[in-house]
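Same order as they appear, the protein sequences are chains A and B.
Heads up, the first sequence is in my numbering, so the first residue is 1 and it goes up one at a time.
Heads up, the second sequence is in my numbering, so the first residue is 1 and it goes up one at a time.
To be clear, the hints were calculated from the coordinates, so they are not data collected in a lab.
The beta carbon of each residue, even a glycine, is placed where N, CA and C say it ideally should be.
There may be inaccurate statements among the hints.
Unchecked claim - Covered by chain B, according to a simulated footprint, are these stretches of chain A (three or more residues, beta-carbon under 8 Å):
1) 120-127
2) 179-190
Claimed, not checked - Mimicking EDC-like on lysine to aspartate or glutamate, the simulated pairs with C-alpha atoms at most 16 Å apart in a straight line are:
3) A:69 - B:22
4) B:194 - A:42
5) A:185 - A:198
6) A:250 - A:214
7) A:133 - A:180
8) B:172 - B:160
9) B:76 - B:22
10) B:118 - A:198
11) B:19 - A:68
12) B:29 - B:205
13) B:55 - A:214
14) B:118 - A:226
15) B:54 - B:90
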Amino acid sequence: MSLTKRIIPCLDVDNGRVVKGIKFVDIIDAGDPVEVAKRYNDQGADEITFLDITASSDNRKTIFNVVEKVASQVFIPLTVGGGIKSVEDIRSLLNSGADKITINTAAIHNPNLISEASNSVGSQCIVVAIDAKRKINNSGEQIWEIYTHGGRNATGINAVEWAKDMEIRGAGELLVTSMDKDGTKQGFDLELMQAINDTVNIPIIASGGVGTLEDMYDGIAKGCADAVLAASIFHFGTFTINEVKEYLIKKGINMRITDD
Amino acid sequence: MSTIAIIDYGMSNLSSVAKATEYVAPNEKVIITSDPNEIDSSDKIIFPGQGAAKKCMQSIFNKNLDTVITKNSKEKPFLGICMGMQILMEYSDENEGTKCLGILKGKVEKFQNKNNNKIKIPHMGWNKILKKNDHPIWSGIEDESYFYFVHSYFIIPEEENYTIGETDYGKKFCSVIANDNIIAIQGHPEKSSKVGLRFLKNFLEIK
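Kindly generate the complete structure, drawing on both the sequences and the hints.
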């Protein structure tokens, strides 16, 4: 089997600029999404995810511009997430050059959006983001509950059951973030990953908590993730994507190495 | 300046294909069209596609594109991508069976999960294409180069000789096929970085 696992850098975009601190030694303006995307492409990124964090709805259209520009210069899959509410939003982003759209809160408010979207643009474009936190239920069992709004609002929804529902509705892929681990650099919540992987048969992207190269390995080898998404370890230059890939190859994980 | 027509039958997002084509052929005219006359008068054809086979075929018939697609596939360089590869065949198992264009002999089947060989469906991500036969489309592309794939079905051509590239996902399947003017690829060259751009460029250089 030669399908590789994927490494996906995630960029926060506000008003058309990449905003999280990015340290590329030879780029002066690290806020230009095209430059950043090109650099990650050169490093061997398998996909790039843009998370639109623009708060003002007036400025939300700037993301279309970003996608359009990046898609004209960087030819790997581009995923866009953040504030997407309708099939209309999805279509506009795809027309701008996005390949996949990540939907989070809107799917919780209206699960039917996932069915409608996958019917109209195809499952391959639809990624459902699941932000989950550990919880002990009334029977004393370990479960995970879905949160929205960046982990602030509990929904009462069981993450594993939700994952299955989303697969049935036509999600092509799941982006799973542990709210317990996000930002801790302690590694992924491997049990959460395993529980979802045992339930669905679509690809799963692990996110939230990567601190070391071993965390990446564990997410793939033990958490059964098909892809790993990370932000800060790449942005702050802790590791380049190629360093991650070389490490994983040594540990026996199949990776795409580029000669770019 | 030659004209490259990307056939729009309403079933896919064509901007990625158009952008990649414009990037490798800055001096050519790239059009996205569903107009049979425009397709007929172009020099090269790109036939992409996403979504379900039945809807794709319905859409092609609704737009009266079946005849012009078949005709042009025999007359000029013609590149099928993803669903645009699958519906060139005679028949697909998708949607309880779908009759396709029948430009190439063979059928389309779904990946199967066998007990001892669990694979996720769709086949999504970067996988190798193993060259099977020499062809100008492979110029400057190394054997076992990685291309980006997203699909749940794959083609089984009747003529094995037409297969010029294979990919392993649970088992080997035909990922690139060539016959006369037609080249078709299951992966997405427009999303396969340098290697994919080279593939597109090679196609555009075929006379």
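Hint numbers contradicted by this structure: Per hint list: 2, 5, 9, 13 violated.
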